[in-house]
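Chemist: Protein sequences appear in the order of chains C and U. Just add 714 to the spot in the first sequence (first one is 1) and you have my numbering. Just add 5 to the spot in the second sequence (first one is 1) and you have my numbering.
In case anyone wonders, no lab produced these hints; they're calculated from the structure. All of these numbers come straight from a predicted model, not from anything done at the bench. Hints are supplied without guarantee of correctness; some may be wrong.
[Claimed, not checked] Okay, derived cross-link-like pairs now, DSS-like style, lysine-lysine, Cα gap no bigger than 30 angstroms in a straight line:
1) C/818 to C/783
2) U/73 to U/29
3) C/818 to U/29
4) C/818 to C/772
5) U/83 to U/73
6) U/29 to C/775
7) U/83 to U/29
8) C/775 to C/785
9) U/73 to C/775
10) C/775 to U/83
11) C/772 to C/785
12) C/775 to C/818
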Amino acid sequence: AQSVSQHNHHVILSEAASLELGCNYSYGGTVNLFWYVQYPGQHLQLLLKYFSGDPLVKGIKGFEAEFIKSKFSFNLRKPSVQWSDTAEYFCAVNAGYSTLTFGKGTMLLVSP
Amino acid sequence: DAGVIQSPRHEVTEMGQEVTLRCKPISGHDYLFWYRQTMMRGLELLIYFNNNVPIDDSGMPEDRFSAKMPNASFSTLKIQPSEPRDSAVYFCASSLSQEVGLTGAETQYFGPGTRLLVL
Numbered sequence: 715a716q717s718v719s720q721h722n723h724h725v726i727l728s729e730a731a732s733l734e735l736g737c738n739y740s741y742g743g744t745v746n747l748f749w750y751v752q753y754p755g756q757h758l759q760l761l762l763k764y765f766s767g768d769p770l771v772k773g774i775k776g777f778e779a780e781f782i783k784s785k786f787s788f789n790l791r792k793p794s795v796q797w798s799d800t801a802e803y804f805c806a807v808n809a810g811y812s813t814l815t816f817g818k819g820t821m822l823l824v825s826p
Numbered sequence: 006d007a008g009v010i011q012s013p014r015h016e017v018t019e020m021g022q023e024v025t026l027r028c029k030p031i032s033g034h035d036y037l038f039w040y041r042q043t044m045m046r047g048l049e050l051l052i053y054f055n056n057n058v059p060i061d062d063s064g065m066p067e068d069r070f071s072a073k074m075p076n077a078s079f080s081t082l083k084i085q086p087s088e089p090r091d092s093a094v095y096f097c098a099s100s101l102s103q104e105v106g107l108t109g110a111e112t113q114y115f116g117p118g119t120r121l122l123v124l
């Protein structure tokens with residue numbers, strides 16, 4: 715079965731700092747990869763997803779993620795964070811079936 | 006589309022009571038998922054349906070939990086009897102398998118969740 719590991723449980727940054735959230739998955743076959751964001755008190759929303767092609771995926775709100783197959787990684791990045799990016803971020807993997815396996819999430823706090 | 010709709014948004018109940026959570030998926034979606042989110046365990050898949058048929062309920066914690074999908078536009082998750090350790094946020098999500106052909110990957114769309122507190 716696939717699993718997803720997010721390295722950081724909590725990240726604190728100042729506004730304008732660059733962000734990189736780590737995500738590693740374990741599965742030997744073809745995968746689809748997702749990043750979801752959950753703003754305080756809200757539901758999960760899709761940030762971006764990868765299924766094939768260019769390993770650098772661009773999502774909403776200036777986020778991007780790079781799929782590195784050799785490292786089983788799908789790290790999320792943003793060059794300059796804003797206070798409004800304060801949220802919990804979830805990496806998820808879908809290994810050809812309809813179910814998603816989520817990581818435990820990373821809570822990002824951006825201080826103004 | 007209004008997105009995935011869940012009700013109630015908040016539920017406070019006493020131990021031993023029956024709790025019923027409701028979900029209306031996005032119209033036309035053929036998959037429906039129930040998740041539970043807690044601080045300790047994160048997001049856990051409880052059960053999912055395809056075309057109203059339960060496919061995998063291995064995530065349902067115990068027999069006190071049951072889920073039904075009587076039609077394509079409605080699903081319930083029931084806890085009977087409820088216990089304090091069931092306190093969590095319960096999310097419903099839906100997806101469209103045909104999206105794979107359009108965008109390459111099926112996306113799950115989440116509802117706002119039901120925050121359940123069992124005293």
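Chemist: When you check the alpha-carbon spacing of residue 818 of chain C and residue 772 of chain C, does it fall within 30 angstroms?
Modeler: holds (23 angstroms)
Chemist: Check whether the Cα positions of residue 818 of chain C and residue 29 of chain U lie no farther apart than 30 angstroms.
Modeler: holds (26 angstroms)
Chemist: Can the restraint linking residue 83 of chain U and residue 73 of chain U be considered satisfied, given a maximum Cα separation of 30 angstroms?
Modeler: At roughly 8 angstroms apart (the allowed maximum being 30 angstroms), residue 73 of chain U and residue 83 of chain U satisfy the hint.
Chemist: Measure nothing beyond the straight line between the CA atoms of residue 775 of chain C and residue 818 of chain C; if it is 30 angstroms or shorter, mark the hint as holding.
Modeler: It holds: about 22 angstroms lies between the C-alpha atoms, which stays within 30 angstroms.
Chemist: Could you grab the alpha-carbon distance between residue 29 of chain U and residue 775 of chain C and see if it respects the 30 angstroms cut-off?
Modeler: Holds: residue 29 of chain U and residue 775 of chain C sit about 28 angstroms apart, inside 30 angstroms.
Chemist: Does the alpha-carbon distance linking residue 818 of chain C and residue 783 of chain C stay inside the 30 angstroms limit?
Modeler: The given pair, whose Cα atoms are some 21 angstroms apart, holds under the 30 angstroms limit.
Chemist: For residue 73 of chain U and residue 29 of chain U, compute the direct alpha-carbon distance and say whether it is at most 30 angstroms.
Modeler: holds (12 angstroms)
Chemist: For the pair supplied as a hint, residue 775 of chain C and residue 785 of chain C, is the alpha-carbon distance within the 30 angstroms limit?
Modeler: With Cα atoms ~26 angstroms apart, residue 775 of chain C and residue 785 of chain C stay inside 30 angstroms; holds.
Chemist: CA of residue 772 of chain C to CA of residue 785 of chain C, is that 30 angstroms or under?
Modeler: Within the cut-off at roughly 20 angstroms; holds.
Chemist: Assess, step by step, whether the Cα of residue 775 of chain C is no farther than 30 angstroms from the Cα of residue 83 of chain U, and give holds or violated.
Modeler: violated (37 angstroms)
Chemist: Does the alpha-carbon distance linking residue 73 of chain U and residue 775 of chain C stay inside the 30 angstroms limit?
Modeler: The given pair, whose Cα atoms are some 37 angstroms apart, is violated under the 30 angstroms limit.
Chemist: Between residue 83 of chain U and residue 29 of chain U, is the straight-line Cα distance small enough, at 30 angstroms or below?
Modeler: Holds. Residue 83 of chain U to residue 29 of chain U sits at ~15 angstroms (cutoff 30 angstroms).
Going down the numbered hints, you'll see the structure goes against 9, 10, while the others check out.
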